[in-house]
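K.L.:
What follows is the residue order along each chain.
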Amino acid sequence: MGDGITITGGYTAAETETMRRAAVALRDAAGRLDDARLEVARARVALRTGEVPWAVVPWSGADPWAGADVWATRWRPGASPAVAVALDDVSAADGAVLRALGRLESLALAVLRAARLYEDHDDVAVRLLDAAVPVGIGALAAELDRFVPPWAGDGDGGAGDGSAVASVAGAASWAFDQAARGRQGDGLRVDEVTQGTVDGRPDQPLPDLAAPGTVEGALRTLEIPNKAGHGVMAVQRIGEGADARYVVLLPGTQSWNVVGGGFGDFANPRDLTSDLDLVGGRASAYTDEAAEALARVVPDGASVVVVGHSLGGIAATRVVTDPVLRRRYRFTGLVTAGAPSGGIAVPQGTLALNVENAREIVSALDPGPNPSGPRHVVVHASGEDDVVRKALDGAPYGGGSHGLAVHAAVLAEARARHDPALDRALAELDRSLGAGTPDAATRTWYFRGTRGAAVTLAPGAGPADDVSADDPPARPRR
Amino acid sequence: MTEHSSAFARPVPPPAAVDATASRALDAAGAAAADARLAAARALDVDWVSRAARAYDGRVDEALEAVDGAVSLLGAAAGSARGAEQRWRDAPSCGGDRPGGR
Chain W
310 MGDGITITGG
320 YTAAETETMR
330 RAAVALRDAA
340 GRLDDARLEV
350 ARARVALRTG
360 EVPWAVVPWS
370 GADPWAGADV
380 WATRWRPGAS
390 PAVAVALDDV
400 SAADGAVLRA
410 LGRLESLALA
420 VLRAARLYED
430 HDDVAVRLLD
440 AAVPVGIGAL
450 AAELDRFVPP
460 WAGDGDGGAG
470 DGSAVASVAG
480 AASWAFDQAA
490 RGRQGDGLRV
500 DEVTQGTVDG
510 RPDQPLPDLA
520 APGTVEGALR
530 TLEIPNKAGH
540 GVMAVQRIGE
550 GADARYVVLL
560 PGTQSWNVVG
570 GGFGDFANPR
580 DLTSDLDLVG
590 GRASAYTDEA
600 AEALARVVPD
610 GASVVVVGHS
620 LGGIAATRVV
630 TDPVLRRRYR
640 FTGLVTAGAP
650 SGGIAVPQGT
660 LALNVENARE
670 IVSALDPGPN
680 PSGPRHVVVH
690 ASGEDDVVRK
700 ALDGAPYGGG
710 SHGLAVHAAV
720 LAEARARHDP
730 ALDRALAELD
740 RSLGAGTPDA
750 ATRTWYFRGT
760 RGAAVTLAPG
770 AGPADDVSAD
780 DPPARPRR
Chain F
269 MTEHSSAFAR
279 PVPPPAAVDA
289 TASRALDAAG
299 AAAADARLAA
309 ARALDVDWVS
319 RAARAYDGRV
329 DEALEAVDGA
339 VSLLGAAAGS
349 ARGAEQRWRD
359 APSCGGDRPG
369 GR
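Residue numbers (my numbering), protein chains in the order written: chain W, 310 to 787; chain F, 269 to 370.
Simulated from the structure, these hints should not be mistaken for lab results. No experiment lies behind these values; they were computed from the predicted model shown. Please note: incorrect hints may appear among the correct ones.
What the hints assert, rightly or not - Here chain F is said to cover these stretches of chain W; the calculated rule only asks that three of the stretch's residues, wherever they fall, bring their Cβ under 8 angstroms from a Cβ of chain F:
#	segment
1	350-357
2	392-398
3	737-750
To be verified - Covered by chain F, according to a simulated footprint, are these stretches of chain W (three or more residues, beta-carbon under 8 angstroms):
#	segment
4	623-629
5	713-721
Cβ atoms here follow ideal geometry from the backbone N, Cα and C, with glycine treated the same way.
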């Protein structure tokens, strides 16, 4: 694997056997070249062992054979230059056959290596990501572990039970949450908004977004709701009628406030409080906002892809794994970029793609390793090569190595490497995002969530409103 | 050497004595290399196999081009050998064994 991009997961089981067969076929082909070399050797011997029956060119005294590999053969005294030419050609051909043989052998090894790595990808992923988790988090977790109350950790057991990061985040979230609850109440108001910040200018009409067409396009599109205003997210419909599918765009953290009142804007669900809630396995105002937005505009049973960056990525993962929401919508795809969404098992019905790089710390704060599998692909750039640096150089929106443009560029680079499993996943996700239907009608809704306001949730919008006995226990509501 | 027409049947030397030597061996080598080219192309004909190979440092195009080059050079060498053998056939005999004879 070259240049620091690791792709794990995806559907590869059937392909590995075909790859093995291809590797064997390439080795057989190399074997045929070995046969060819044997024939070449025979030809060389035949040419060398001939005697001198035909002095067509008179001996001139000069030695036309100097340096040739026929010096010691019986052809030399007076042999025809034609034989020398033939021997030269044979030598050239032999070298070419040898080179071709080596190339085919290398190619066979590459195919075999690909097959083996596909089969072993899960272990590779876990090792890489374990190494990527900052040492400081582990040390902090070890220090704080004895102070963490057991009931303050994750609530549903799905977010990395036993993970030090999850425990610390959960405890911090609980503590901050208690402070916030006392000051501003628990209510979440969700409003559709039609105006916001566009291209840095406030109070502009928010645009109807074109169908992204690709996952990279969706990541870039996320910048629109990201910059549109506090607490804003978007839902896009692509196509109409029976063909309609929906894309939920969840941008990342806007406010680093965690306690409310003192610093920042606690009203904004896109804040560090939601980050801590989600990493700690708790419900968050941001996922509640997303659930409410879905309830407002997405009909039951509709096909939905959820795309999220950073906080939005882990919120997206929580949304598509929520058992109640899964009963209402068909979550066909999940895309996260720079999100600490590891440790959350995404059901097979949802094709999941995580994009991350080691130069940004956020996606390394996973409560657990990325659970790659046949329907869960992870693209990880090590940061030790030029991919991330070049993307940083060309990033139009800032945000450093955690920025959306960098994640989109990393994914584009990974796509260009044509990993079969990634190709398959991208083709499916791209279709859901409008690839192949450039003329499909689109409509975009923007929503703003506000904490501490009068509650305006649609009936049944909350993830825990409708839990049957068959569902896993719901997360505790905040 | 003067050629004489003859009304009499005469024994024809087996091909191995003359041209079933260098040129024939090189023809066989060329055929083997062409087989190798065909087999490699068939193995790589599944699109994602070649793409997977590329993803893991496999130089697909270079390998096929190398085999093409080998086939081409083997053909050229066979031509050269055949030319040399033809010149032997055309040249007056000076005695001794013939080139490549067995």
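K.L.:
Counting residues of the segment 713-721 of chain W whose CB is closer than 8 angstroms to a CB in chain F, do you get three or more?
P.N.:
violated (count 0)
K.L.:
Quick one: see if chain F covers the segment 392-398 of chain W, three-plus residues with Cβ-Cβ under 8 angstroms.
P.N.:
Answer holds; 5 residues pass the 8 angstroms Cβ test.
K.L.:
Is the coverage entry for the segment 350-357 of chain W by chain F consistent with the three-residue Cβ rule at 8 angstroms?
P.N.:
Held - the segment 350-357 of chain W has 5 residues with a Cβ nearer than 8 angstroms to chain F, which meets the minimum of three.
K.L.:
If you count the residues of the segment 623-629 of chain W with a beta-carbon closer than 8 angstroms to a beta-carbon of chain F, do you get 3 or more?
P.N.:
violated (count 0)
K.L.:
Does the segment 737-750 of chain W contain three or more residues whose Cβ lies closer than 8 angstroms to a Cβ of chain F?
P.N.:
Coverage by chain F is violated here, the residue count being 0 at a Cβ distance below 8 angstroms.
Of the numbered hints given earlier, the model fails hints 3, 4, 5; all others are met.
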